Amino acid sequence: MSAALWTIVIAVGLLAVLAVIFGAVLGFAAIRFKVEGNPIVDQINNLLPQTQCGQCGYPGCKPYAEAIAGGEKINKCPPGGEGTIQSLADLLGVEPEPLDAEHGAEKAVPTVAFIREDECIGCTKCIQACPVDAILGAAKQMHTVIADECTGCDLCVEPCPVDCIDMIPVSVDKSNWYWQAPTSGVELIATDRHHHLAGDAA
Amino acid sequence: MTNLIRLHNFDGGIHPAENKAQSTATPVQQACLPAELVLPLHQHIGAAAKPLVKAGDQVLKGQLIAAADGFVSVPLHAPTSGTIAAVEPRAVPHASGLQEDCIVIIPDGAERWIEHQSLYQQLGLEHLNDISPRQLTEHIRQCGIAGMGGAGFPTAVKLSTGQREIHTLILNGAECEPYITADDMLMRERASEVIQGAQILLHIVGAKGCMIGVEDNKPQAIAALNTALVELGEEHHIDVVTIPTKYPSGGEKQLIKILTGEEVPAGGIPADLGLVCQNVGTAAAIYRAVAFGEPLISRITTLTGDAMQQPGNWEVLIGTPVSHLLQLAGYQPQKRERVIMGGPMMGFALPGLDLPITKTSNCLLAPTEKELPPNDIAMACIRCGMCADACPADLLPQQLYWFSKSQEFDKAEQHNIFDCIECGACSYVCPSHIPLVQYYRYAKGAIREERAAQAKAERARQRFEERLARQEREVAEKEAKRKARAEAAAKAQAAKPAVAADSAAATSNAPAADGNAELEKLQKQFDAAQSALAKTKEKLEAARADESMADKVPLFESALNKTQDKIKDLAKQLAAAKKAAKAAPVAASAATTDTDKGDPNSPERLKRKWETAQARLDTALKRLAEAKEQGLDTVDALQTGVDKQQERVNEAKAAYDASVADGAAAGATVGGSTAPQATGAQTADNSAADQAANIEALNKKILAQQDRVAKMQERLDMAKAEGLDTVDALTLGVQKQQDKLLQLQQELAALAPAGTTSNEAS
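Residue numbers (the numbering used here), protein chains in the order written: chain A, 1 to 202; chain G, 1001 to 1762.
Rather than coming from a laboratory, the hints here were simulated on the basis of the structure.
Where hints are given, some of them may not hold.
Within a straight-line C-alpha distance of at most 27 Å, the following computed DSS-like cross-link-like pairs (lysine-lysine) qualify [unchecked claim]:
hint, chain 1, residue 1, chain 2, residue 2
1, A, Lys174, G, Lys1524
2, G, Lys1521, G, Lys1483
3, A, Lys140, G, Lys1736
4, A, Lys73, A, Lys125
5, G, Lys1456, A, Lys174
6, G, Lys1628, A, Lys107
7, G, Lys1478, A, Lys140
8, A, Lys62, G, Lys1456
9, G, Lys1444, G, Lys1539
10, G, Lys1158, A, Lys174
11, G, Lys1444, A, Lys107
12, G, Lys1456, G, Lys1524
13, G, Lys1491, G, Lys1628
14, G, Lys1478, A, Lys125
15, G, Lys1478, G, Lys1628
16, G, Lys1456, A, Lys73
This one's a predicted model, so the numbers in the text were calculated from it and none came from an experiment.
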């Protein structure tokens, strides 16, 4: 009788000790390995195109990333376009939605700002507007865009009082040209292939 | 030694029809000069060369016309003498058909060489071993040599192996691609150049031995190389290694595998294995550069294909248009015009025929439609796996195809798509005629573009965040400055009453005469002290913000206090000096107004005084505005200064107005001459001063005479009233006096117009 009682007491005591030990370990780990901030925000931010254009209605990509983490829709980024929406949907496990037209359309070709320098009056308004400090210049001095740093966000176009800023498409040269994928729809059965060829010749 | 080398094999590979005999029947011919040469500035891997010539310049054969732009770049030399027609964008021989900057030369036909001599002569040395590898590499760089096998990598860069020790040099004479025979003919006809080039390369990289790998389908080239080695007649460590014919044994990594059994690691270079691999054509070019000082201006190009009536090899100048060469080889235009630059496996169809030959153009292939049918329409992949068997890089072409097609680029990357050498073996064996290599090229390009976009986005993110941080910092700094200023102003306000008493004492001491100079000096000192104060404050802020400078904070604080005290003192003195200065000019102006009364110069002087006072008032107002804006403690002092200055201005103005009015009044008593006199007085100068003095004297005389006349008249009237007998005498006297007055007035009238005219003349 007493032996059985002892067994129960030992078992309960042992479990209690174990509970205390694991509790302590978990408590320590919770403090020691605490994650600062919301890691999902950084992951979302990495997927955004970082043009900092504000077309989504937030003052930059990071704020929009924070908003998305807080439940904002993922289809408000025109520079990122469908590709970004797809990646965000994959990351967050939600259904991809078509781009919200309210925030603008995806650009067909990437553009870069260009200042017609002889028309520039040196008002510095575009410099203040540029979110990535890609415009060089000083008051009453001509300004110019550092093309490599320009994200093509269009934010400098509006403030220019003399309309001397153009958004020009990024030129293609040997360094950034690459082969396009072979045209699809070439995998046809023999009879269709013949028709295709005839159409080609015509 | 040849027997001792054990050959290895690489996996995969194919055996396409060689088609080399057509172009080896005739020896290498010299291509005649074309009408113009077009030299793209970017014929190599790396940065485009920078042009050194402009349209209209005369150039000599071998003259440097474009300089290398950076380490990984290659200079460009004029292939013949002639005139630069233009430096402009022209279509370049590239799959994209894009335009790039080119130098266009119109040959003069004289082929005049620029002065050139061998590197031995240049350095005054006799033997190769006397020249340092560095000098040789530099010479190769200056001679514009880029890999002539097809890729065009700058040779000098490839030879700069840095810390890696090189044990073997490999010369690539495999030339595995069908149709191409440029290296074959080079080795047959210029074997000794290749061998001597190999010796130079051996010396540069410090390798123990050299292997020249040649496929066994070129027995004449192998024989020629061996003969040349025998003729060399000295000890050497060069082996001509015959390797079995298999495409693509001429790939750098494949040739290394065959000759050494080692594999170049993914993402690595042969130098990691202690190897350097060069094309035989490059070796020959290096020999010519060192032995004759000739830069790379020509190369051997194969012209072949059934559409050519006389296929063969030509030595062509870099920049020769393709159309010119096709003419030489008897090209018969086809229904579907198709000229391929490079071989049938790795070459690309030229978008046009007016494109130039570059340093890497080893072959122009003009096939008939029957000979090389255009790509058949692709069918579905049947997963036969033949591509995987053929792949010389041990990749999984089928998987890569699926991933590239569905744009799953990350998976393609995981399957090592960047190890694909784009040899085309998979496409060759594909029973479904799928253009596999085109898919891989597309995937590689898309991945590179994505990487570039990601790198750019990352940079944009950093710049954006740094900008935000900067803006925050600026706001904080402004806030801190404003606080500091407000504090300083409060302190100064508290200290003010005590100061006020002292300033009075200082005032009385200041001599009024040099008050203005004193004032300016004080103002300057005051300004300097102010700026010093601002600086000290900034330093103090910085020190407070920075913990490491914490021990300096008390130091700065005491300095700040000192400067503040100094400013207070100066403010006192300044206020005193201003008071004195105010008193002095007022007195002075009063004095001048008195003494100058009646002086025609005085209005001018007074006006100037008024203007100066006004200017001072403006400055004072400006200072006051500034002080108010900055919240300085001198606002009150400046305010009183401004008020006083305002008073002075008013006084000066009043004085001036008065003097003008006086002048007018004085003139009026003299009669008709008033107006000219007034104008004369206003614009009076030194030459008119005497005149004015005379007039003045006359005026006085007239006044006196009038007095006398008046007195005489009085006496006469008295005498008449009393009935005295002196009436007649007095009447005569009055008449006489009146005559005299008239005379004086006439004199004055005569003088005044003269004075006016003289003034006008001046």
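(request) Give me the numbers of the hints this structure contradicts, sorted from smallest to largest. (result) 1, 2, 3, 4, 6, 9 and 12
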